[in-house]
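Colleague: Going down the list, the protein sequences come from chains A and B.
Once you know that position 122 of the first sequence is 122 in the numbering used here, the rest is easy, because the numbers rise by one and skip nothing.
Once you know that position 1 of the second sequence is 1 in the numbering used here, the rest is easy, because the numbers rise by one and skip nothing.
These are calculated hints, taken from the structure and not from any lab test.
Quick caveat: nothing in here was measured; it's all calculated off a predicted structure.
Every residue, glycine too, gets a C-beta built ideally from N, C-alpha and C.
Certain hints may be false.
What follows is a list of derived Cβ distance ranges for each label pair [as the list claims (entries may be wrong)]:
{"hint": "1", "chain 1": "A", "residue 1": "Gly87", "chain 2": "B", "residue 2": "Arg271", "range": "38 to 48 Å"}
{"hint": "2", "chain 1": "A", "residue 1": "Tyr268", "chain 2": "B", "residue 2": "Ile176", "range": "18 to 28 Å"}
{"hint": "3", "chain 1": "A", "residue 1": "Tyr268", "chain 2": "B", "residue 2": "Glu96", "range": "25 to 35 Å"}
{"hint": "4", "chain 1": "A", "residue 1": "Arg261", "chain 2": "B", "residue 2": "Asp129", "range": "21 to 31 Å"}
{"hint": "5", "chain 1": "A", "residue 1": "Leu230", "chain 2": "B", "residue 2": "Glu79", "range": "40 to 50 Å"}
{"hint": "6", "chain 1": "B", "residue 1": "Lys173", "chain 2": "A", "residue 2": "Thr164", "range": "20 to 30 Å"}
{"hint": "7", "chain 1": "B", "residue 1": "Lys22", "chain 2": "A", "residue 2": "Asp145", "range": "42 to 52 Å"}
{"hint": "8", "chain 1": "A", "residue 1": "His180", "chain 2": "B", "residue 2": "Leu120", "range": "19 to 29 Å"}
{"hint": "9", "chain 1": "B", "residue 1": "Glu268", "chain 2": "A", "residue 2": "His180", "range": "40 to 50 Å"}
{"hint": "10", "chain 1": "B", "residue 1": "Lys173", "chain 2": "A", "residue 2": "Gly87", "range": "24 to 34 Å"}
{"hint": "11", "chain 1": "B", "residue 1": "Asn12", "chain 2": "A", "residue 2": "Thr260", "range": "33 to 43 Å"}
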Amino acid sequence: MPEVLMAALAELEEAYLKSKRDAGFQKELRYYLREYAGRPTALYFAKRLTVALSGAKVYLKREDLCHTGAHKINNTVGQVLLAKKMGKERVIAETGAGQHGVATATAAALFGLSCDVYMGTEDMERQALNVFRMRLLGAKVTPVDSGSRTLKDAINEAMRDWATNVRTTAYVLGSVLGPHPYPMIVRDFQRIIGKEARRQILAKEKRLPDLLLACVGGGSNSIGLFYDFLRDENVRMVGVEAGGLGIETGKHAARFATGTRGVLHGTYTHVLQDADGQILPTHSVSAGLDYPSVGPEHSRLRDLGRVSYTSVTDTEALKAFQMLAELEGIIPALEAAHAVAYAIKIVPKMKKDEIVIICMSGRGDKDVQEALKFIGG
Amino acid sequence: MSEAGGYGRAMNRIRRKFENLKAEGRKGFIAYICAGDPSLAATKKLVLEFETVGVDIVELGVPFSDPIADGVVNQRAAERALRNHVSLADVISLVEDVRKKSEIPIVLFTYVNPVLKYGLERFCVDMGDAHVDGALVLDYPLEEAVKYKKLMDAHGLATIGLIAPTTPSERLKPIIDFCSGFIYYVSRTGVTGIRDDVERSVAAKVAAIKSLTTKPVAVGFGISNPQQARDVAELADAVVVGSAIVQKIEEFGSSREMVKEVSRFAGELVRAVKNATT
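So that you can see chain A by itself, here it is in the shape it has in the complex (with noise of 0.2 Å):
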């Protein structure tokens, strides 16, 4: 990280640890992730899609049904609290598929503080329909036309303003990637995806599930999901990454098909590079999941061999997202649709007494302009 941040994280990794601390403050998080964004989300047994896959049992984490129609609600309602406890006046954002923009830009309306969103320009053409959101929420959205034009180059114009701005500015990172102490912030919030599910899935089924199924950009709604069940040593955890095109033309987001360790802002993990370093362009159908790194925690969780990571491609996804539609009334976003692409392919190879869950980390109403492009009228 640039020394001139370095301040400005050890700033933010102080209050936070503070009001992790702060009853105060935790019981003001919790009155608005239950009044506001919607918490407890249901976790909804997927019968139909059961009986189609004839293999285990599948239930759906309905981060979807989340105000703002993702998981991401749950960490910006976190992040710009804590923000206007530390007295910053303004937030800032990046985002990819929009829906870290649109929850940010939520939550500055929500708590009365003012919020830029730097968005690139590939990803505002492709969500068009979340960038006018962002705008009637009240948020300045700036486009980025440098770099690939996607979600990297917008953390790194973020990264500038919050450098130029850090006295006054919160920057409220979307996933669980940059420097610390963002990965663990992040992660913190979104923790009581894994923490419901778990208790929902005991009250339910009386026992714990067999497999956990989780799209992974960054890796927030996954480590999300997996992180209460890390000591369950029976739960096995797939992360499901974009594989684009296919890992073979090059053309994907799978940083632990081909990615190497290295350093993108601020985090040492796997990452998609050349041989001179250089961050190479990525390429999938879902904005969301279109990132060359990954959180720090996934590259630890792979390494120590508690998660595995797949992929699945453009096609599957697309596939995912079209029969879960007709199967479940569900249009999931298409970053989740990878996760039921991948469960499209595991859940019959396995016994009709174990139990999956899958995260369906955001509604696809914002996909759907993309997919007719794909999946034609």
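Starting from the structure of chain A, add chain B where the hints point.
Modeller: Frame of chain A, contents of chain B only:
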């Protein structure tokens, strides 16, 4: 043992430069350009021409795809260089080539990822062999750079560290200790129109640094013209100008006048800095 005892051959080029500046009672001028923008051949010509017009030290940027600590002007320069596939190895070779004709002190300005990919030890060995004088790794916090510092010292290479306006006072001493060659004080808040305020804060911070060390302090903060360069020179041992020069390179691109025009601009900055009172 004399203070110079721990320094290798390369380190001495920077040291000698600052000693000479001090003896002559003048301030140094440091020019930043991105290597390979618009081409490696042009960069070589620029470095040699810079020496002729009186630039004291050259900072050579190693292009990186995600330069979070740079503004948009330097990012565009890096993108142009990367379109030419300029790598860290190319930049080190470039210095080796320049050394056949010039003794101007040269410092590499880089992000950490290309260095880690290249290999820390290989980086230091190759820089030493090519007669690079030192490096500044922009996104390498002090706390992470322990092994790097040891290797750089062992190869007689200067480690330049950044101090920012936001650097808390308790971090000053460790950063100063980390630095050899010179200390780079950089402010990103210096935009046109608030110069007076910026200068006051720069003066205070430079004084705070100076109270802790006798090492030279260079200052850079988006200085765009000779007058600003002169004002800042009065506060520090050397002035760094980057984006304004890079912008000129962009303006003239691959045209034949580029080297002449950019060097002329650098010459104006050199004269302004030399006219500063000490």
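Colleague: For each hint, tell me whether it holds in the structure or not.
Modeller: Hints, verified against the model:
no., hint, result
1, A:Gly87 x B:Arg271: 38 to 48 Å, "holds, 46 Å"
2, A:Tyr268 x B:Ile176: 18 to 28 Å, "holds, 26 Å"
3, A:Tyr268 x B:Glu96: 25 to 35 Å, "holds, 30 Å"
4, A:Arg261 x B:Asp129: 21 to 31 Å, "holds, 26 Å"
5, A:Leu230 x B:Glu79: 40 to 50 Å, "holds, 41 Å"
6, B:Lys173 x A:Thr164: 20 to 30 Å, "holds, 26 Å"
7, B:Lys22 x A:Asp145: 42 to 52 Å, "holds, 45 Å"
8, A:His180 x B:Leu120: 19 to 29 Å, "holds, 21 Å"
9, B:Glu268 x A:His180: 40 to 50 Å, "holds, 44 Å"
10, B:Lys173 x A:Gly87: 24 to 34 Å, "holds, 28 Å"
11, B:Asn12 x A:Thr260: 33 to 43 Å, "holds, 37 Å"
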